[in-house]
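*Asks:* Here is what each chain is made of, one letter per residue.
Protein chains: 2
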Amino acid sequence: MSAAVSPLAPTSVPDLPPIDGVRLATAAAGIRYKGRTDVLLALLEPGTTVAGVFTRSKCPSAPVEWCRDKMKRGKARALVVNSGNANAFTGKTGREACKFTAAIASRAAGCKPAEVFLASTGVIGEPLKAQAFDGVMDGMVAAATPEPWPDAAKAIMTTDTFPKVATATVKIGKAKVTLNGIAKGAGMIAPDMATMLAFVFTDAAIAAPALRALLAEGTVDTFNAVTVDGDTSTSDTLLMFATGKAKNAPKISRASDPRLKAFRKALNAVLGNLAEQIARDGEGARKLVEITVEGAVSKTSARRIAMSIANSPLVKTALAGEDANWGRVVMAVGKAGEPANRDKLSIWFNGIRVAHKGYRDPAYDEAEVSAAMKKPEISLKVALGLGRGRDRVLTCDLTKEYVAINGDYRS
Amino acid sequence: MSAAVSPLAPTSVPDLPPIDGVRLATAAAGIRYKGRTDVLLALLEPGTTVAGVFTRSKCPSAPVEWCRDKMKRGKARALVVNSGNANAFTGKTGREACKFTAAIASRAAGCKPAEVFLASTGVIGEPLKAQAFDGVMDGMVAAATPEPWPDAAKAIMTTDTFPKVATATVKIGKAKVTLNGIAKGAGMIAPDMATMLAFVFTDAAIAAPALRALLAEGTVDTFNAVTVDGDTSTSDTLLMFATGKAKNAPKISRASDPRLKAFRKALNAVLGNLAEQIARDGEGARKLVEITVEGAVSKTSARRIAMSIANSPLVKTALAGEDANWGRVVMAVGKAGEPANRDKLSIWFNGIRVAHKGYRDPAYDEAEVSAAMKKPEISLKVALGLGRGRDRVLTCDLTKEYVAINGDYRS
Numbered sequence: 049m050s051a052a053v054s055p056l057a058p059t060s061v062p063d064l065p066p067i068d069g070v071r072l073a074t075a076a077a078g079i080r081y082k083g084r085t086d087v088l089l090a091l092l093e094p095g096t097t098v099a100g101v102f103t104r105s106k107c108p109s110a111p112v113e114w115c116r117d118k119m120k121r122g123k124a125r126a127l128v129v130n131s132g133n134a135n136a137f138t139g140k141t142g143r144e145a146c147k148f149t150a151a152i153a154s155r156a157a158g159c160k161p162a163e164v165f166l167a168s169t170g171v172i173g174e175p176l177k178a179q180a181f182d183g184v185m186d187g188m189v190a191a192a193t194p195e196p197w198p199d200a201a202k203a204i205m206t207t208d209t210f211p212k213v214a215t216a217t218v219k220i221g222k223a224k225v226t227l228n229g230i231a232k233g234a235g236m237i238a239p240d241m242a243t244m245l246a247f248v249f250t251d252a253a254i255a256a257p258a259l260r261a262l263l264a265e266g267t268v269d270t271f272n273a274v275t276v277d278g279d280t281s282t283s284d285t286l287l288m289f290a291t292g293k294a295k296n297a298p299k300i301s302r303a304s305d306p307r308l309k310a311f312r313k314a315l316n317a318v319l320g321n322l323a324e325q326i327a328r329d330g331e332g333a334r335k336l337v338e339i340t341v342e343g344a345v346s347k348t349s350a351r352r353i354a355m356s357i358a359n360s361p362l363v364k365t366a367l368a369g370e371d372a373n374w375g376r377v378v379m380a381v382g383k384a385g386e387p388a389n390r391d392k393l394s395i396w397f398n399g400i401r402v403a404h405k406g407y408r409d410p411a412y413d414e415a416e417v418s419a420a421m422k423k424p425e426i427s428l429k430v431a432l433g434l435g436r437g438r439d440r441v442l443t444c445d446l447t448k449e450y451v452a453i454n455g456d457y458r459s
Numbered sequence: 049m050s051a052a053v054s055p056l057a058p059t060s061v062p063d064l065p066p067i068d069g070v071r072l073a074t075a076a077a078g079i080r081y082k083g084r085t086d087v088l089l090a091l092l093e094p095g096t097t098v099a100g101v102f103t104r105s106k107c108p109s110a111p112v113e114w115c116r117d118k119m120k121r122g123k124a125r126a127l128v129v130n131s132g133n134a135n136a137f138t139g140k141t142g143r144e145a146c147k148f149t150a151a152i153a154s155r156a157a158g159c160k161p162a163e164v165f166l167a168s169t170g171v172i173g174e175p176l177k178a179q180a181f182d183g184v185m186d187g188m189v190a191a192a193t194p195e196p197w198p199d200a201a202k203a204i205m206t207t208d209t210f211p212k213v214a215t216a217t218v219k220i221g222k223a224k225v226t227l228n229g230i231a232k233g234a235g236m237i238a239p240d241m242a243t244m245l246a247f248v249f250t251d252a253a254i255a256a257p258a259l260r261a262l263l264a265e266g267t268v269d270t271f272n273a274v275t276v277d278g279d280t281s282t283s284d285t286l287l288m289f290a291t292g293k294a295k296n297a298p299k300i301s302r303a304s305d306p307r308l309k310a311f312r313k314a315l316n317a318v319l320g321n322l323a324e325q326i327a328r329d330g331e332g333a334r335k336l337v338e339i340t341v342e343g344a345v346s347k348t349s350a351r352r353i354a355m356s357i358a359n360s361p362l363v364k365t366a367l368a369g370e371d372a373n374w375g376r377v378v379m380a381v382g383k384a385g386e387p388a389n390r391d392k393l394s395i396w397f398n399g400i401r402v403a404h405k406g407y408r409d410p411a412y413d414e415a416e417v418s419a420a421m422k423k424p425e426i427s428l429k430v431a432l433g434l435g436r437g438r439d440r441v442l443t444c445d446l447t448k449e450y451v452a453i454n455g456d457y458r459s
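In order, the protein sequences belong to chains H and L. All residue numbers for the first sequence refer to this note's numbering, where the first residue is 49 and numbers rise by one. All residue numbers for the second sequence refer to this note's numbering, where the first residue is 49 and numbers rise by one.
Only chain H is shown next, with the shape it has when bound in the complex:
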């Protein structure tokens, strides 16, 4: 496994301000790793609303099932996240581990177990020894403060090479509200799996149904538009908490409230920023690749074609080889099964048109393209010439390092 920080890591990391109503603590419970923190506790003041988006896997982890069930009430008082063990494919013991963790956290935090949300990431198929949380829970509740956002982002990492944070401050009406987000990406730990976890906190006062609508809407072009290898984790979890504790924050009950205009934009920016960091920390990634498809018959069609390109091993290996291989892009467009007309297709790499109307662009300069492909960030644009459907997804290249990370060990 690679220990070095991804060469695509952001060069500047923002300071995350406190969020009224949120206190954080981390601890080393010894779930799997030695000498590092592996549990995050977030304490949320009474009145906090919650919304979530989860993996579409038909075989989800126990914490995903727990959260889906408790989400119905829309109220949260605590979040417990652990790294090192995903509590997935653990049968009845997995459900018991969730129940136990929620019980001790609720006791320590003074709330109901159903108000405790859970997420786990790490090895799958191994029972999660939730008893380990018992020794650290009271200490975390006592130690929780509004400040330690960087520590929180670190405690949830698995093989991520850098912690992922994002923040924004905007107004709802006359009240200043803050959004802080942390995430972890596609890191793998033997013997098991990539998991995307992200948590966004705000001191805005937004009712659970409106929060749900905002989050669902915000996910479409951010977390759902990122792919590393096309594999979907059993544990993908995005939770958002709104404490309502910002000074003079108006109570918002509908997602269509016009006062949410700036907030919605800021939320989408935070989600987009975290999602991009996940692509930047894709396993073995050496190139951040933005794929834009335009001229499709619809946005849905454009998304399917963009994802077909983004998940094609032949396109991804060509990108790793700094090869503007538009032939493979044509292949990936063709296999998407969406309307496409070969003779109307044009393709650009970093702004240079290499294919036009179904043919190699006669003006294309190989030396110029070669130089452009050496950049760490590649934009690949496909114009289909059929309609007005447009979409964009982010991915990374497929390198030998990816194979090494995922294949060079025995569990």
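Read the hints as simulated data drawn from the structure, not as lab findings. Among these hints, one or two may not hold up.
No distinction is drawn between identical chains; accordingly, a pair holds when it is met within one copy or between any pair of copies.
[Claimed, not checked] For lysine-lysine, the following BS3-like pairs were computed, each having C-alpha atoms within a straight-line distance of at most 27 Å: (1) K293 with K313; (2) K222 with K392; (3) K140 with K405; (4) K106 with K392; (5) K120 with K140; (6) K219 with K140; (7) K295 with K219; (8) K147 with K160.
Could you slot chain L onto chain H? The hints should help.
*Replies:* Relative to the frame of chain H, chain L by itself:
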């Protein structure tokens, strides 16, 4: 690129007998390669019927469009295949190259251009210089003989590491008929693409509609059940020719004719054999992997789940690492979107059950599994416990060699 023969290559290669009504010749037209043959001509006696199955790509190559169009008449007198250039994404010049090639072949063979079938494999986006065929066509017609099957299989190779042939002899009624097949698999040539081409010849007398039905039916569990990397070529072509020249061969007009029983079985065996050789020669392949899914709600559902496992980079890299990583198999089952119940799932690697009813099999012996995973052939079985749907697909592992073959060069 790797020049060595795949370690998974078949250890014995059958001799292909002559097929009445088929004569073959190969030549070096210098399309791209130096010092090797790159054109195959098959001459077919009058009365030969033809059927075909093609790529589902929405951006097919010019020869695929040519064959689809000519296929309607159901009659063939010649087949011209070249390696080195796929004549794909070549616009109008691609269509002209097809027309020109068919014209010179028809003149040399004494048939109509519409009775000439074409296939090309190799680089895409480069114009195919069909004029090169002009210099070799008359010579090939003059030199064509019933014997050179191994030469035919070699002339159509790109980066295949071994030629692929298969044969079978069976009876239709009292007549002995023969089936010979040749194929090429997922080899890549800069800057280019994987293409599957396969051609089956028989001296049976089968009307075109019946031949079409037999071929479509035979493809389902053979060529359509093989995946190397989930990428679909613009050029995939499977053609079958029936000369009707076997002594006393009864004329068969319907695929449901009971006399076809043994023939159908032999055809499926030839197709299955060629398809398996393609998996054995997958780029960088070190493991041949058979994935069986049973207990699904239907065969279609089982196929989708098997393909989700077969195309998962995380499963494929684990197999390369000789890791019986059932957690990733669960992930791939979960992401297929088909009915699955985590708590009923069982998984076997080479006959050893590693997970049972949603939990790690308590009886599973790590040392025994490790030893089993070192074999070059791996069978991976998933039982869903829901219904009677069953299916099987073949694939190979994803190695650093795959990334090297497809990424370690600039076109």
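*Asks:* Can you tell me if K147 and K160 fall within 27 Å by alpha carbon in one copy, between copies, both or neither?
*Replies:* Classified as within; 12 Å inside a copy, 76 Å across copies.
*Asks:* Reference check for the pair K106 and K392, CA-CA at most 27 Å: within, between, both, or neither?
*Replies:* between (38 Å within a copy, 12 Å between copies)
*Asks:* How would you label the pair K219, K140 (within, between, both, or neither) given a Cα cut-off of 27 Å?
*Replies:* neither (46 Å within a copy, 57 Å between copies)
*Asks:* Should K293 paired with K313 be assigned to within, between, both, or neither, using CA atoms and 27 Å as the limit?
*Replies:* within (20 Å within a copy, 73 Å between copies)
*Asks:* As a check of your reading, is K222 near K392 (CA-CA no more than 27 Å) within one copy, between copies, both or neither?
*Replies:* neither (51 Å within a copy, 54 Å between copies)
*Asks:* Since the copies are identical, ignore which copy is meant and state whether K295 and K219 lie within 27 Å (CA to CA) inside a copy, between copies, both or neither.
*Replies:* Answer is within; shortest intra-copy Cα gap is 11 Å, inter-copy 88 Å.
*Asks:* First find the shortest C-alpha distance between K120 and K140 inside one copy, then the shortest across copies, and answer within, between, both or neither for a cut-off of 27 Å.
*Replies:* within (22 Å within a copy, 59 Å between copies)
*Asks:* Which holds for K140 with K405 at a C-alpha limit of 27 Å: within a copy, between copies, both or neither?
*Replies:* between (57 Å within a copy, 11 Å between copies)
Hint compliance for this structure: hints 2 and 6 are broken, all remaining hints hold.
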